[in-house]
Amino acid sequence: MKYKKLLWAIAIVIISLLFVLWFILGRGNSNALWEIVSQKCVPNQQSNGNPAPCLNVDLKDGYALLKDLRGPYHDLLIPSTKITGIESPVLLQNNTPSFFAAAWNYRGYIVKEIGKPVKNEYLSLSINSQYGRSQNQLHIHISCLRPEVYHTLHEQSTAISTHWQPLGVELQGHKYLAIKLSTTDLTQSDPFKTLYQYVHRQDDSMGNYGLAVVFTSSGDPILLANRLDILDANRGSAEEIQDITCALVKENN
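Residues in the sequence shown are numbered consecutively from 39, following the working numbering.
To be clear, the hints were calculated from the coordinates, so they are not data collected in a lab.
The beta carbon of each residue, even a glycine, is placed where N, CA and C say it ideally should be.
The reader is advised that the hints may include incorrect statements.
Stated by the list, open to error - FRET-style restraints, in silico, Cβ to Cβ: (1) GLU125 <-> GLY153: 20 to 28 Å; (2) GLY153 <-> ASP106: 15 to 23 Å; (3) SER68 <-> ALA90: 36 to 44 Å; (4) LYS213 <-> SER172: 16 to 24 Å; (5) ASN67 <-> ALA90: 35 to 43 Å.
As the list claims (entries may be wrong) - No farther apart than 30 Å at their CA atoms in a straight line, the calculated lysine-lysine pairs in the BS3-like style are these: (6) LYS150 <-> LYS78; (7) LYS98 <-> LYS231; (8) LYS213 <-> LYS231; (9) LYS218 <-> LYS105.
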């Protein structure tokens, strides 16, 4: 029994060390997105009225839309001020724009790229945890849902309530929390603030969570959150539920 406990302890240490090494060494230039937006997109918009290399820059509300090089159907909503990520207390301030609402309003770019009608329920928004991301500038992924995730959520949608609770099944092999928002207006029910209410009650940290927004066939927004769990090989990357090839759209057209 003691031998098994020792092996388990050694395994935990090894997994933790591998995670730390990835976090420190495996992320490349963690300021790449911030450099593109702050040094290229925003100055070009200000000087020439051209958002390139971004798709769009909103100088008034303070964010940009950038097509991710990992595509073909994958855009990023990025603030034009320095905000590291989901753990930033700036996201909880009343004067901070609703970045999830802005990202959802930009979904038309993905639809245009696909070139055919796309149901809202096929689309999704996500942000990764502090430990599951490669960039230290907040960015919300805009893309389609994985087909298997879509079908699972469709089956589970009636069981999701207006209170945070564990989702009945795992997504991509990981446990998720789910909540149905009482309004479709993401400026009124801001996803970051909604998650914070749960995290605060748990005496936890926002940085430990990945967060996603999806919509049911009836138009109800659902938030999905997955917490960092090193032993479960879960870095809190909600992006894992998305499919940048949008196979779901192709299957249903």
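Status of each hint after checking the structure:
The given range of 20 to 28 Å is broken by GLU125 and GLY153, whose C-beta atoms sit roughly 37 Å from each other. Range check, GLY153 to ASP106: about 18 Å between beta-carbon atoms, so the 15 to 23 Å window is met. Remark: the range hint 36 to 44 Å for SER68 to ALA90 is contradicted by a beta-carbon distance near 23 Å. The beta-carbon spacing between LYS213 and SER172, approximately 23 Å, falls within the hinted interval of 16 to 24 Å.
ASN67 and ALA90 have their C-beta atoms about 20 Å apart, which leaves the hinted 35 to 43 Å range violated. Simply put, LYS150 and LYS78 have alpha-carbon atoms about 24 Å apart, close enough for the 30 Å limit, and the pair holds. A threshold of 30 Å between alpha carbons decides the hint, and for LYS98 with LYS231 the separation of about 22 Å falls inside it, so the pair holds. Of the supplied pair hints, the one linking LYS213 and LYS231 holds, its CA atoms being roughly 21 Å apart against a limit of 30 Å.
Proximity of LYS218 to LYS105 is assessed by CA-CA distance (about 29 Å); at most 30 Å being required, the pair is judged to hold.
The structure is inconsistent with the numbered hints 1, 3, 5, although it conforms to all the rest.
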